[in-house]
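Q: Sequence:
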Amino acid sequence: MGKDQTVLFHSTVFGPIHSRRLGVSLGINLMPDDGKVCSFDCLYCEAGFNAQGKGSSGLPTRDHVNRQLEIKLKEMHENGDALDVITFSGNGEPTLHPDFPHVIDDVLSLRDKYYPNAKVSVLTNSTMIFNPGVASALKKTDNNILKLDSAIESTMRLIDRPNSKGFNVEKLINGLCEFEGSGIIQTMMLRGSHEGVSVDNTTDEEIEALINAYKQIRPREIMIYSLDRSTPEELLVKVEKEELTDIGKRIHEATGIKVQVN
99 MGKDQTVLFH
109 STVFGPIHSR
119 RLGVSLGINL
129 MPDDGKVCSF
139 DCLYCEAGFN
149 AQGKGSSGLP
159 TRDHVNRQLE
169 IKLKEMHENG
179 DALDVITFSG
189 NGEPTLHPDF
199 PHVIDDVLSL
209 RDKYYPNAKV
219 SVLTNSTMIF
229 NPGVASALKK
239 TDNNILKLDS
249 AIESTMRLID
259 RPNSKGFNVE
269 KLINGLCEFE
279 GSGIIQTMML
289 RGSHEGVSVD
299 NTTDEEIEAL
309 INAYKQIRPR
319 EIMIYSLDRS
329 TPEELLVKVE
339 KEELTDIGKR
349 IHEATGIKVQ
359 VN
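Counted from 1, the sequence shown has number 121 at position 23 by our numbering; the numbering is strictly sequential.
Just to be clear, a hint being listed does not mean it is correct.
Taking lysine to aspartate or glutamate pairs in the DMTMM-like style, the calculated list, with each CA pair at most 25 Å apart, reads [claimed, not checked]:
| no. | residue 1 | residue 2 |
| --- | --- | --- |
| 1 | K217 | E251 |
| 2 | K339 | D326 |
| 3 | K217 | E268 |
| 4 | K269 | E306 |
| 5 | K356 | E304 |
| 6 | K356 | E338 |
| 7 | K211 | E173 |
| 8 | K313 | E276 |
| 9 | K217 | D326 |
| 10 | K217 | E278 |
| 11 | K263 | E276 |
| 12 | K263 | E251 |
| 13 | K172 | D131 |
| 14 | K238 | E319 |
| 15 | K263 | D139 |
| 16 | K356 | E341 |
| 17 | K356 | E268 |
| 18 | K211 | E176 |
| 19 | K347 | D302 |
| 20 | K336 | E176 |
Restraint ranges, calculated between C-beta atoms of paired labels, are given here [claimed, not checked]:
| no. | residue 1 | residue 2 | range |
| --- | --- | --- | --- |
| 21 | K313 | E176 | 42 to 50 Å |
| 22 | D344 | K172 | 24 to 32 Å |
| 23 | Q166 | R348 | 38 to 46 Å |
| 24 | E268 | A352 | 15 to 23 Å |
| 25 | S262 | S296 | 23 to 31 Å |
| 26 | A352 | R165 | 42 to 50 Å |
| 27 | D240 | E173 | 17 to 25 Å |
The set of hints was computed from the structure by calculation and includes no laboratory data. We put the CB at the ideal spot given by N, CA and C, even for glycine.
Based on the sequences and whatever the hints tell you, model everything.
A: See below:
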């Protein structure tokens, strides 16, 4: 798939799937099931570019999410299926959902009822962490996984392509510090080009900038990973595991923070 790549998820609750980062994961998609809504337009997004449109189904209601999740959890529980994590992911940025804080409360309650040992994780691009309700909800989850792909402004804008001109790296890093070590920082490592411009956040300059940001944020863990599926920008290149491992060691030695390499 190339630039016509479209959304991956066509339901509100999907899976379970085996996540290379999280284990046996049941997914929750708070975005449309036939379109994409996101505050970033990342070059590497597995759900495609925002240009595909937001579709016609709209955002699922809080009640719909609750009903669909309970149906699935009850079925899995009765079948004796394993579940490690319930993960908010999907066709865009989950924290954009207007009822996100209430949905988190509902999901935590259902988790406690059916799979009390399972974790609740949110994959977020960090654009909504300045909303007090969203920030409070994220802090309630077991794995609050916050994106920081580059600590250099021009690279962040090139890779993540935020919709808001007011969103910048300095503001982002300051916002991430507010999680006081409860968050997990996730960084996508990649290289290639986009519209004739070189893309590479694995250079010495980039890694040093990330290290300085990680030291400031002090997350409980850092996740670094690279491409696993096709991307809408076809000229991106996966960073292989051996190189990722070396980068992870460098980050850990410099920060003392646990680094997970996927």
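Q: Which hints from the list above does the structure break, by number from lowest to highest?
A: Failing hints, ascending: 1, 3, 20, 22.
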